[in-house]
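In order, the protein sequences belong to chains A and C.
Going by my numbering, the first residue of the first sequence is number 1, and it counts up by one from there.
Going by my numbering, the first residue of the second sequence is number 1, and it counts up by one from there.
Keep in mind the hints are simulated off the structure, nothing from the lab.
Careful: at least some of the hints might be erroneous.
Partner residues aside, some chain A positions facing chain C, computed with beta carbon under 7 angstroms [unchecked claim]:
1. K47
2. L49
3. M52
4. R53
5. K54
6. F56
7. Y78
8. V80
9. Y82
Positions of the beta carbon are idealized from the N, C-alpha and C atoms, including for glycine.
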Amino acid sequence: MKRRTFLLAGLLALLSASAHADDALLKEIAARVADSPVLRAEFSQTKTLAAMRKPFRIAGHFTYARDTGVLWQVASPYTVTYLIDARGTVEIGPDGQRKTRAGREAAGAAQAGQIMQALLSADLAPLQSSFVLDPVRDAAGWHVTLTPHSAEIARHLERITVAGNTAVERVDIFEAGGDHTEIRFTAIQRDTWLTEAETALFARPD
Amino acid sequence: MNAIQHLALVASLALAGCANAPHEAGCTALAPSLRYCLQALPAGQSLAINQLVEFTRPDRPDSERLVFAIDASDARMQIVALTPLGQKVFRITADHGTLHWDGPPAAEALGLRLPALIQLMLWPVDAVREGLGRDADLSVTAQGRAVRQGEQPPVLTTRQSNTDPTRGRIDAVFAPMDTRIRVTRLEE
Numbered sequence: 001m002k003r004r005t006f007l008l009a010g011l012l013a014l015l016s017a018s019a020h021a022d023d024a025l026l027k028e029i030a031a032r033v034a035d036s037p038v039l040r041a042e043f044s045q046t047k048t049l050a051a052m053r054k055p056f057r058i059a060g061h062f063t064y065a066r067d068t069g070v071l072w073q074v075a076s077p078y079t080v081t082y083l084i085d086a087r088g089t090v091e092i093g094p095d096g097q098r099k100t101r102a103g104r105e106a107a108g109a110a111q112a113g114q115i116m117q118a119l120l121s122a123d124l125a126p127l128q129s130s131f132v133l134d135p136v137r138d139a140a141g142w143h144v145t146l147t148p149h150s151a152e153i154a155r156h157l158e159r160i161t162v163a164g165n166t167a168v169e170r171v172d173i174f175e176a177g178g179d180h181t182e183i184r185f186t187a188i189q190r191d192t193w194l195t196e197a198e199t200a201l202f203a204r205p206d
Numbered sequence: 001m002n003a004i005q006h007l008a009l010v011a012s013l014a015l016a017g018c019a020n021a022p023h024e025a026g027c028t029a030l031a032p033s034l035r036y037c038l039q040a041l042p043a044g045q046s047l048a049i050n051q052l053v054e055f056t057r058p059d060r061p062d063s064e065r066l067v068f069a070i071d072a073s074d075a076r077m078q079i080v081a082l083t084p085l086g087q088k089v090f091r092i093t094a095d096h097g098t099l100h101w102d103g104p105p106a107a108e109a110l111g112l113r114l115p116a117l118i119q120l121m122l123w124p125v126d127a128v129r130e131g132l133g134r135d136a137d138l139s140v141t142a143q144g145r146a147v148r149q150g151e152q153p154p155v156l157t158t159r160q161s162n163t164d165p166t167r168g169r170i171d172a173v174f175a176p177m178d179t180r181i182r183v184t185r186l187e188e
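Isolated chain A, as found in the complex:
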């Protein structure tokens, strides 16, 4: 009995130490990544759908503004821009026409957008209420695996991994149904201010 109690205490201590180490690494990652108000990159996204032979690929330009939101400017294989911020999602067509997404679809996109914004800033601590975070140092820098707490989310989402060094360079989303989305960021640039063109795209006239 004493031996079992001792082992349990040891295990709890180990887990506690591990949790502290995880927290410290998460803080370190956030500090390394989220030190600039504006981040620009090229992105390529490959979606591999379960039981489908042909993957779906898009590529384009990405702008992250810490205090505003995220712009996804798809350039290939078609042209469309998405603004995702705390207020939801706006689709901006090639002609500049804006369509605000509403309803459940938009709510889901906005929620996904907020998660994505947290992922891209590597400010992962706020996601701890929804995910178990498992940060790991590796040869290239670090990666964090996010596994959903709730069975409701786990019905749709198996896990997310975020990886990078001084910026988030790769996000992998593994859905419960077997779909996999891989997003890679390259040519990452940091800046202090948005350009005029970016400011116009981020602007919400309403």
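Given the coordinates of chain A, assemble chain C onto it according to the supplied hints.
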């Protein structure tokens, strides 16, 4: 109006016209007294493509864009609809005439008609004629297809940029839903 609302609207319009149409496994009512029964691809043929699909209605200024990933071989066909940013909207599986819908209930009625519409536009001519049975006639040129019932205006007309409809672009008008559909194959 978002993509789901748009699909729900056209679905309700389609249902209004098809409420009394006969229905059996693998057969879809596309208009009053017009149904199409899903057909297998000929042996040895298969299809795996991604398409950008734009729906436009005359009473709506904005078109709605979805990406359709289509994978078919033999009597099995899968369609996954994605937003242009790659978020999944719905998935339809047709397997030997049995249709399965995985998506928002509001869009299901229209969604389950998509395999038939896609086959009318893309499948080999003989298979489409088989699927239409005696309900309608299919006329085909190098530039496109038309599905007619007797002397009435066409139910579906397509104009295609390539003699192979699975390539290039298709501009279609589907009269029962008063909807124009532009389909553009996405190349790698």
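Against the structure, the hints:
no.: 1; hint: K47; in the structure: holds (5 angstroms)
no.: 2; hint: L49; in the structure: holds (5 angstroms)
no.: 3; hint: M52; in the structure: holds (5 angstroms)
no.: 4; hint: R53; in the structure: holds (4 angstroms)
no.: 5; hint: K54; in the structure: holds (4 angstroms)
no.: 6; hint: F56; in the structure: holds (5 angstroms)
no.: 7; hint: Y78; in the structure: holds (6 angstroms)
no.: 8; hint: V80; in the structure: holds (5 angstroms)
no.: 9; hint: Y82; in the structure: holds (5 angstroms)
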